[in-house]
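Colleague: Residues per chain, in single letters:
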Amino acid sequence: MPTDGGAAAPPRSPFLRVEGLAKVYAGSTEPVFERVNFDLVQGEFVCIVGHSGCGKTTILNVLAGLEQASGGHVFMAGREIGGPSLERGVVFQGHALMPWLTVRGNIAFAVRSKWPAWSSAEVDAQVEKYVELVGLGAAIEKKPQALSGGMKQRVGIARAFAIEPKMLLLDEPFGALDALTRGTIQDELLRICAETHQTVFMITHDVDEAILLADRILLMSNGPRAGVAEIVRNTMSRQRQRATLHHDPQYYRIRNHLVDFLVARSKDLSHGRAPALPPVVEPGIEPLPAAASGGTPPNVVRLKERNV
Amino acid sequence: MINAVVRGRLQSAMLSVAILVVLLVVWQFAAAPAASVSSAAVALTPEQIEYQKLLGKDPAATPKNAGFPTLGQLGAAIAKNLAHPFYDNGPNDKGIGIQLGHSLLRVGLGFGLAALVAIPLGFLIGMSPLVYRALDPFIQVLKPISPLAWMPIALYTIKDSSISGIFVIFICSVWPMLINTAFGVSNVRREWLAVARTLEVAPLRKAFLVILPAAAPTILTGMRISMGIAWLVIVAAEMLVGGTGIGYFVWNEWNNLALTNVIFAILVIGIVGMALDMAFARAQKAVSYAD
Chain A
1 MPTDGGAAAP PRSPFLRVEG LAKVYAGSTE PVFERVNFDL VQGEFVCIVG
51 HSGCGKTTIL NVLAGLEQAS GGHVFMAGRE IGGPSLERGV VFQGHALMPW
101 LTVRGNIAFA VRSKWPAWSS AEVDAQVEKY VELVGLGAAI EKKPQALSGG
151 MKQRVGIARA FAIEPKMLLL DEPFGALDAL TRGTIQDELL RICAETHQTV
201 FMITHDVDEA ILLADRILLM SNGPRAGVAE IVRNTMSRQR QRATLHHDPQ
251 YYRIRNHLVD FLVARSKDLS HGRAPALPPV VEPGIEPLPA AASGGTPPNV
301 VRLKERNV
Chain B
1 MINAVVRGRL QSAMLSVAIL VVLLVVWQFA AAPAASVSSA AVALTPEQIE
51 YQKLLGKDPA ATPKNAGFPT LGQLGAAIAK NLAHPFYDNG PNDKGIGIQL
101 GHSLLRVGLG FGLAALVAIP LGFLIGMSPL VYRALDPFIQ VLKPISPLAW
151 MPIALYTIKD SSISGIFVIF ICSVWPMLIN TAFGVSNVRR EWLAVARTLE
201 VAPLRKAFLV ILPAAAPTIL TGMRISMGIA WLVIVAAEML VGGTGIGYFV
251 WNEWNNLALT NVIFAILVIG IVGMALDMAF ARAQKAVSYA D
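Sequences listed follow chains A and B, in order. Residue numbers for the first sequence follow my numbering, beginning at 1 and rising by one. Residue numbers for the second sequence follow my numbering, beginning at 1 and rising by one.
Because the hints were derived from the structure by calculation, they are not lab data. Glycine included, every Cβ here is placed at the ideal spot set by N, Cα and C. Mixed in with the good hints there might be a few duds.
[To be verified] Derived BS3-like pairs: lysine-lysine, alpha-carbon spacing no greater than 27 Å straight-line: (1) A/K114 with A/K143; (2) A/K143 with B/K206; (3) A/K129 with A/K143; (4) B/K80 with B/K206; (5) A/K114 with A/K142; (6) B/K285 with A/K142; (7) A/K129 with A/K166; (8) A/K142 with B/K80; (9) B/K80 with A/K166; (10) A/K129 with A/K114; (11) A/K142 with A/K129; (12) B/K206 with A/K129; (13) A/K114 with B/K206; (14) A/K143 with B/K143; (15) B/K159 with B/K143; (16) A/K114 with A/K166.
[What the hints assert, rightly or not] Here are some, though not all, of the chain A residues that point toward chain B, as calculated from beta-carbon distances under 8 Å: (17) F15; (18) F92; (19) A110.
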């Protein structure tokens with residue numbers, strides 16, 4: 001977990017390593033994305049941001065083992081990912097709860113899949129623990145149809161956490177929620193991840209969400225032949241909170257950097273123009289005094305390149 | 001709000017009763033002239049009476065056999081049939097309960113066997129596009145064949161009229177269940193299957209705990225359609241093969257020219273068919289889910 005200030009490089013060896021990942025869909029000549037390289041260290045929260053059609057969901061599905069890449073490799077804890085595994089929990093975009101099961105039934109289904117030998121008392125205890133964790137104790141016997149969108153997504157999160165995976169994959173989990181609900185669940189997710197030291201890889205379209213949650217933000221260029229063009233290190237305090245986020249001057253510098261990338265640069269870096277080894281930038285940190293004296297406005301981005 | 005619902009239901013119930021009363025009155029008036037025919041017979045000359053008799057229309061016969069039964073005659077027949085539903089006076093004279101029991105047993109056996117074949121096979125077809133494409137031409141050709149068309153082949157090969165009846169029920173029930181099961185299974189939401197895959201759920205567990213409940217409403221719809229068709233077909237099949245059953249009862253009473261019994265049997269067929277349909281509707285409701 002990067003410390004406050006976060007200028008130091010993560011000392012641990014990568015937990016998840018993505019090497020030269022590429023995907024060509026059947027019937028298409030050009031790959032959606034290619035030469036995608038990045039690492040995740042244990043306990044790190046990484047968001048991936050990019051325009052629709054750049055293949056974010058495909059990358060996540062490859063990490064989940066649900067889809068095969070056309071090229072490249074993904075290693076988790078030194079072993080190549082070849083298919084779906086209980087070591088990686090997935091929170092789906094559309095919650096994907098089974099509507100004929102109650103909240104308890106949905107989570108128990110996952111728990112029993114992970115530990116088939118458990119007694120029902122053990123399963124119940126595990127289910128209740130994680131339902132409490134997302135604050136849905138009162139709704140445990142309800143069916144998904146009786147829950148609001150935010151509650152359903154919480155159940156999806158509880159289900160993914162309940163199998164105690166080594167890594168969590170979230171596919172735009174809050175996309176369909178209203179802003180207020182989204183905020184609450186973001187806070188909850190942040191708290192749970194801090195408590196469980198979970199390694200998380202998450203897709204989002206929401207720049208603010210990425211800044212709040214992520215230790216590092218992967219910026220993807222547009223497809224076709226998209227790639228991870230840049231890695232933004234979030235240099236804000238890990239104790240950051242949604243309510244006070246916007247008081248930190250770093251927030252605006254990072255935000256502007258992300259928005260500039262999405263609005264202007266992501267297009268120019270399509271068709272394979274993104275670098276194979278994305279530079280790591282820290283736009284949150286103030287420009288060096290030498291450069292600032294040159295009359296540069298404070299929130300102009302300074303790129304600090306570094307090889308991964 | 002609730003008041004309006006209750007009032008609406010009451011109104012529709014009253015309308016139903018009114019329609020029934022109108023129908024019964026029309027029936028009574030339509031059936032009544034049959035009695036006046038015999039009174040007109042007084043005016044006939046002996047030659048004319050002789051001629052009528054030669055034609056099989058005995059003007060002096062009691063009105064019971066002469067015309068369409070009146071409501072009173074029907075009521076008497078219903079009461080008589082319901083008073084002893086399980087009597088058995090030899091092969092051609094059994095109570096309505098026994099006949100109904102035979103029909104329901106045949107439908108139950110044929111339908112049950114069809115479910116045993118159609119649901120697993122439908123699962124296979126729904127899971128595998130290869131099997132689906134391979135079996136589709138057979139299903140498309142076999143499905144539109146009237147089940148009764150199988151009767152000669154069934155009688156020739158099985159050589160038992162009762163089992164042939166069961167076979168005919170089997171063959172007519174199998175298609176809706178097969179097609180609906182395959183459709184339900186192949187249309188299980190990708191997300192649920194993805195959840196099962198990420199949880200490394202074993203194939204059998206996935207089939208029973210994910211695919212079956214997800215496809216259950218569609219499968220039950222197929223079963224409901226099948227049961228409807230089976231109940232239609234059993235009457236015709238039993239008219240053909242004879243012996244026992246509600247269909248045979250109808251045919252036998254027609255041969256006896258006991259129209260009251262025929263009408264009574266028709267009512268029974270309708271009520272039992274409705275009860276079967278309602279039972280499946282309830283089962284359908286039990287397995288359906290809202291998203």
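Colleague: Look at each hint and say if it fits the structure.
Modeller: Against the structure, the hints come out as follows:
1. Between A/K114 and A/K143, the direct Cα distance comes to roughly 22 Å. Compliance with the 27 Å bound is thereby established for this hinted pair.
2. Between A/K143 and B/K206 the alpha-carbon distance is near 20 Å, which keeps this suggested pair within the 27 Å criterion.
3. About 18 Å separates the Cα atoms of A/K129 and A/K143, which keeps this hinted pair within 27 Å; it holds.
4. Only pairs whose Cα atoms come within 27 Å are accepted, and B/K80 paired with B/K206 is rejected, the gap being roughly 55 Å.
5. Proposed proximity of A/K114 and A/K142 is supported: the alpha carbons are some 23 Å apart, at most 27 Å.
6. The straight-line distance between the Cα atoms of B/K285 and A/K142 is roughly 18 Å, inside the 27 Å bound, and the hint therefore holds.
7. In summary, the hint linking A/K129 to A/K166 is supported, as the alpha carbons are separated by about 18 Å, within the 27 Å threshold.
8. Distance restraint check for A/K142 and B/K80: the Cα-Cα separation of roughly 53 Å exceeds the 27 Å cut-off, and the hinted pair is therefore not satisfied.
9. For a cut-off of 27 Å, the pair hint linking B/K80 to A/K166 is broken: about 76 Å separates their Cα positions.
10. The suggested pairing of A/K129 with A/K114 holds, with an alpha-carbon distance near 16 Å, which does not exceed 27 Å.
11. Of the pairs offered as hints, the one joining A/K142 and A/K129 holds, with about 17 Å between alpha carbons and a cut-off of 27 Å not exceeded.
12. A threshold of 27 Å between alpha carbons decides the hint, and for B/K206 with A/K129 the separation of about 25 Å falls inside it, so the pair holds.
13. A hinted pair counts as satisfied when its Cα atoms are at most 27 Å apart, and A/K114 with B/K206 qualifies at roughly 14 Å.
14. For the suggested pair A/K143 and B/K143, the alpha carbons sit about 38 Å apart, so the restraint of at most 27 Å is broken.
15. This hinted pair checks out: B/K159 and B/K143 have alpha carbons roughly 24 Å apart, not beyond 27 Å.
16. Taken as a hint, the A/K114 and A/K166 pair is honoured in the structure, with Cα atoms around 13 Å apart against an allowance of 27 Å.
17. At a threshold of 8 Å, the smallest CB-CB gap from A/F15 to chain B is about 18 Å, leaving the interface hint violated.
18. Annotation: A/F92 was flagged as interfacial toward chain B, and the flag holds, the nearest CB pair being 6 Å apart, inside 8 Å.
19. Annotation: interface hint on A/A110 holds; nearest CB of chain B at approximately 5 Å, less than 8 Å.
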